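Enquirer: Sequence:
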Amino acid sequence: MADSHSLRVRLRLKAGPKLVLGPGRLEILQGIAETGSISAAARGMEMSYRRAWLLVDDINHCFESPLVESVTGGKRGGGARLTALGEQVVAAYVRLLEKTDQAIAAERAELESLLAEILPSPNNE
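Heads up: the sequence shown begins at 1 in full-length UniProt numbering, then just goes up one per residue.
These aren't lab readings, by the way, just hints derived from the structure by calculation. Hints should not be assumed to be uniformly reliable.
[To be verified] In silico SDA-like links for lysine to any residue, alpha-carbon gap of 25 angstroms or less:
| hint | residue 1 | residue 2 |
| --- | --- | --- |
| 1 | Lys18 | Ala91 |
| 2 | Lys18 | Ser6 |
| 3 | Lys99 | Pro23 |
| 4 | Lys18 | Gln30 |
| 5 | Lys75 | Gln30 |
| 6 | Lys99 | Val20 |
| 7 | Lys75 | Ser48 |
| 8 | Lys18 | Ala33 |
| 9 | Lys18 | Arg50 |
| 10 | Lys18 | Ser113 |
| 11 | Lys14 | Lys75 |
| 12 | Lys14 | Arg95 |
| 13 | Lys14 | Ala103 |
| 14 | Lys99 | Leu13 |
| 15 | Lys18 | Leu85 |
| 16 | Lys14 | Asn60 |
| 17 | Lys18 | Pro66 |
| 18 | Lys14 | Met47 |
| 19 | Lys18 | Leu97 |
| 20 | Lys99 | Gln30 |
| 21 | Lys99 | Glu87 |
| 22 | Lys18 | Ala109 |
| 23 | Lys99 | Glu27 |
| 24 | Lys75 | Ser39 |
[Said to hold, decoys possible] The calculated label-pair distances, taken between Cβ atoms and stated as ranges, are:
| hint | residue 1 | residue 2 | range |
| --- | --- | --- | --- |
| 25 | Lys18 | Thr83 | 16 to 24 angstroms |
| 26 | Leu111 | Arg50 | 37 to 45 angstroms |
| 27 | Met45 | Ala15 | 21 to 29 angstroms |
| 28 | Lys14 | Ala84 | 19 to 27 angstroms |
| 29 | Leu115 | Lys75 | 47 to 55 angstroms |
| 30 | Val9 | Leu119 | 15 to 23 angstroms |
| 31 | Leu115 | Leu13 | 20 to 28 angstroms |
| 32 | Lys18 | Met45 | 20 to 28 angstroms |
| 33 | Glu98 | Gly24 | 44 to 52 angstroms |
| 34 | Gln88 | Glu117 | 37 to 45 angstroms |
| 35 | Gly73 | Arg108 | 42 to 50 angstroms |
All values derive from a computational prediction rather than experimental measurement. We put the CB at the ideal spot given by N, CA and C, even for glycine.
My request is simple: use the sequences and hints to build the entire structure.
Expert: Here it is as structure tokens:
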């Protein structure tokens, strides 16, 4: 099937009106886990450091304990890392995404098929 008819589901978790986790928040947390730096994670997302820092601060305030903590000193002058809770939250959210994808696979395929029948193909435009 053509990619233009491929459906994507984006799972966002909210507590009341407050967004707790979503694709962008997951990406910044995973970037921090991989790079040890908010700045490097932000660059990987083509996001300003300020925006990334504000996002991390907002994420940290969604939980009783922070998911990201600062690391001071060292050869590179410090950085950031996920706390144990941060690692647990990321792992649980990734598992939830995987299970959601599996649970909706048949319905998504059906909708993609229906869309392919009624929408023009990108080659015919």
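Enquirer: Could you grab the alpha-carbon distance between Lys14 and Arg95 and see if it respects the 25 angstroms cut-off?
Expert: holds, 17 angstroms
Enquirer: Run the distance test for Lys14 versus Lys75: straight-line Cα separation, threshold 25 angstroms.
Expert: Given that 25 angstroms is the threshold and the Cα spacing comes to 39 angstroms, the pair is violated.
Enquirer: Using the Cβ atoms, figure out if Met45 sits within 21 to 29 angstroms of Ala15.
Expert: holds, 24 angstroms
Enquirer: Quickly compare the C-alpha distance for Lys18 and Ser6 to 25 angstroms and report which way the hint goes.
Expert: Between Lys18 and Ser6 the Cα gap is close to 29 angstroms, so the pair fails against 25 angstroms, i.e. violated.
Enquirer: Could you grab the alpha-carbon distance between Lys75 and Ser39 and see if it respects the 25 angstroms cut-off?
Expert: Satisfied, since the Cα-Cα distance of roughly 16 angstroms is no more than 25 angstroms.
Enquirer: Lys18 and Pro66 were given as a pair; does the straight-line alpha-carbon distance stay at or below 25 angstroms?
Expert: Answer holds: Lys18 to Pro66 is near 16 angstroms, not above 25 angstroms.
Enquirer: Tell me if the beta carbons of Lys18 and Thr83 are separated by a distance inside 16 to 24 angstroms.
Expert: Since the Cβ atoms of Lys18 and Thr83 sit about 20 angstroms apart, the hinted range of 16 to 24 angstroms holds.
Enquirer: Would you say the C-beta atoms of Lys14 and Ala84 sit inside 19 to 27 angstroms of each other?
Expert: The hint (19 to 27 angstroms, Cβ to Cβ) holds, given that Lys14 and Ala84 are roughly 24 angstroms apart.
Enquirer: CA of Lys99 to CA of Gln30, is that 25 angstroms or under?
Expert: Holds, at about 19 angstroms.
Enquirer: Taking 25 angstroms as the top limit, are the C-alpha atoms of Lys18 and Ala33 close enough?
Expert: Judged against 25 angstroms, a Cα distance of about 24 angstroms means the pair holds.
Enquirer: Between Lys18 and Gln30, does the CA-CA distance stay at or below 25 angstroms?
Expert: holds, 21 angstroms
Enquirer: Holds or violated: Lys75 and Ser48, Cα atoms, limit 25 angstroms.
Expert: holds, 24 angstroms
The structure is inconsistent with the numbered hints 2, 10, 11, 22 and 33, although it conforms to all the rest.
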